[in-house]
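If you're matching them up, the sequences are chains X and F in order.
Each residue of the first sequence is one higher than the last, beginning at 2 in this note's numbering.
Each residue of the second sequence is one higher than the last, beginning at -9 in this note's numbering.
These aren't lab readings, by the way, just hints derived from the structure by calculation.
A hint or two may mislead.
Here are some chain X residues pointing at chain F (derived, C-beta under 8 Å) [claimed, not checked]:
#, residue
1, S133
2, T137
3, I195
Distance windows between CB atoms, simulated [what the hints assert, rightly or not]:
#, chain 1, residue 1, chain 2, residue 2, range
4, F, A285, X, E194, 19 to 27 Å
5, X, Q276, F, A129, 40 to 48 Å
6, X, E23, F, R274, 44 to 52 Å
7, F, E235, X, E197, 51 to 59 Å
8, X, Q276, F, R132, 45 to 53 Å
9, F, A304, X, E194, 53 to 61 Å
Think of the CB as a built atom: it goes at the ideal place given N, C-alpha and C, for glycine as much as any other residue.
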Amino acid sequence: MNFDLSDEQQMLVDNARRFVREHCGIEARLAAIASEAGFSRERWAELGRLGWLALPLSEEAGGLGGGDVDIALLAEELGRGLVPEPFIDTAVLCATLLEQAPPSQTRDSLLARAANGEIILALAHMEPGDRSEFETAPTTRAQPNADGWRLHGSKHFVVHGGTADYWLVSANIENQQGFALFLLSRDQASTAEIYEYTLIDGSRAVDIHLHDVGLSTSALLLEPGVAAQALEKALNRAMIASTASAIGSMEAVMEATAVHLKTREQYGKPLAQFQALQHRMAEMLVETDKARSGLFNALASLKTEDPRARRRAISGAKSLASRAALFVTAQGIQLHGAIGVTEEFSVGHHYKSALIYDKRFGDAEFHLARWAGG
Amino acid sequence: MNFQLDPQDELFREEVRAFLRETLPDDVRRRSSIGMHPPHEEDRRWWQHVLYRKGWVAPHWPKEYGGTGWSHIRCHLFEYECRMANAPELHWQGLRLIGPVIYTFGNEAQKARYLPKILSGEEQWAQGFSEPNAGSDLASLRTSAVLDGDHFIINGQKIWTSEAQFCEQGFFLVRTSNEGKPQHGISMIVLDMKTPGVTVRETPMIHGAAACCEVFLDNVRVPKENLIGPLNSGWDQARFLLANERTASAEIYKARADLRRIRRIAAAEIKNGRPVLEDSAFARKLAMLELDVEALEWSVLRVLCDAPSQYPTAANASFLKIRGSELQQQLADLAVEALGVRGLRLYTREQAFDQLGESDVWPQYVPGVAADQLYLRACTIFGGSKEIQKNIIAKLAFGL
């Protein structure tokens, strides 16, 4: 075993940390949240120019072929700054899914444009009433006709769906087992009803109602049977990346909180001198460290061929890190005092991101049960 | 000991219930049940006026000042029933904080000037205590009031002033002397929030609204008769004000209403093909919280009925604050858990109050849950942080 970073990895981490420090402060975040998309398209393009959006993509598909460890390292740094651009949703989740489709001009060009930061992709899989992607059994239907397909159904909680240029839509095909995955561009979806709402962290999500939306034959990306497997692989990568991102967020909270405790004075001395608060900081680190070990276990499991072992390790990491993130960020607020619940301090934003992290892709309870029953 | 409610109290409870049934329209109940922070302002003012006309607006005040003369238990039953009927929450600062200070420490002119409008709700009150560098260590406050003829000239800045954007009047702790211990140089002054030099700026909070404000005081001239009690006695009044509500911070009424809300959500939401309420992990968490709430209610009753305790009353108030605030956070977390991913959506107050976008996918019980969870991170900080409460308990109960 060797836990050291390679030179390339160290460079990636250093570059990303510098970028986050210089460009991803609280003002940038507040501006992004206040914008219509909830993030910045310019920043997205910049992430593309830096090559980071191509990192998760294999070299065959025109990417940089970064390993899962590289993706986690980058995600951790982006998590420190709560970068609101959809790195995980588009560049990890959707790109991994799309990459598993058979090569075609459409597929290759989409992957290249996503990696360049030109377009946003969003996964439209969950349906009304679903609590996570794992509990989704799509009822959306795709009917074949002479021109291709007609889509009918409703999709729910499509994060970044409002600004996405393309949706990856799961749907059933009559008389076939399992769902397939279709590509739906916003231009084709002009008749779709879109209901957009804001999430607690300022990002946007949509519900989509598809009434007889026409698609060309080539819109079928992944056939029934292979789509579910491809989705599991993509979700696994997204969960690992979001876990790494949550750990970055916890690190940032501890850093900011320690600074606050050393600076803020009450009763004639810095808060840092109160033992109760020192102990709380120590507990936060213990939790963060536990989450990091869970992440390493999950990363190690990706090398095994046993899907059950992989599923368990990833669920274990998600469950550990969810609980840790909620504890660390909530205590970060507590130690900041009332300023911690204002929008102008980063710690409250980290708490909201932890809540999102916990609930997305299955919550801590779901993953604990999945780990135990796995 | 007798742990049963007096039959006369049961009748009283029925009378309150009947009144609430007749008086509260459905739309007011719905808006109140959402639990936005701050709540619907017009509803609160309307409800305060209704209670004022009924003579029930200040149950805990002495009768001579407009109270009802109810026992502590009846006040408790009244509040309980109001909450469970989803009545609007009244503004706290006038009726609960400054009102009792004025009838206890104020002179006759002050009582005549302020108390009637506190009761009617015509004037709501901003509480100017904390400052940027005086939070837990409140006595280090620096906002100054200097006597200049018949007026005080006030300069300084207050923060975390709850709902100041709605208030007509304010009560402020100000420094009037730098002699001796910091506590001994503080006075309490009331002022009209429209006085020149008073600027109120809303503080955007993580739940997407401004439940409190900063108040800037820039050469504000206030008549010297606005001083409450003797000069430099403000710390005594502040302590009285904070100690006056021994059980409020337990938030027992909100806890009961929250449990009902969680049950409603968890009965309607489906997980693995069954109501969330039937999910064993969820049911266990809910049971533990229900048990805690039940125990908290008995703790409140013990304090209300002056049950003998070997520990000082002030220590009891701190127990209730710690348990009440932690429970509120846990209840909010569980409500969000019941909602699943939909508990991640943040509604604006307008969307929530006006039922914008309500549908089968986004039913009436969704709005307000996430905002409450976020806002409640403050409840272990405001009103004396959890850490300060623990210090108080260690000191008062054990002399540590």
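Indicate whether the distance between the beta carbons of A304(F) and E194(X) respects the range 53 to 61 Å. Holds, since A304(F) and E194(X) (Cβ atoms, about 58 Å apart) stay within the stated range.
The hint says 45 to 53 Å between Q276(X) and R132(F); measuring C-beta to C-beta, is that right? violated (28 Å)
A range of 51 to 59 Å was offered for this pair. Does it hold for the Cβ distance of E235(F) and E197(X)? With a Cβ separation near 43 Å, E235(F) and E197(X) fall outside 51 to 59 Å, so the hint is violated.
Using the beta carbons of Q276(X) and A129(F), state whether their distance is inside 40 to 48 Å or not. violated (22 Å)
I195(X) as chain F interface residue, shortest Cβ-Cβ below 8 Å: violated (12 Å)
Is the interface hint for S133(X) satisfied, with its Cβ closer than 8 Å to some Cβ of chain F? holds (7 Å)
I want to verify a distance hint. Is the separation of the beta carbons of A285(F) and E194(X) within 19 to 27 Å? Between A285(F) and E194(X), where Cβ atoms are some 49 Å apart, the hint is violated.
E23(X) versus R274(F) beta-carbon gap, inside 44 to 52 Å or not: holds (47 Å)
Can we keep the T137(X) interface hint, with Cβ of chain F closer than 8 Å? Hint violated; T137(X) Cβ to chain F Cβ min 11 Å, cut 8 Å.
Checked against the numbered hints above, the structure violates hints 2, 3, 4, 5, 7, 8; every other hint is satisfied.
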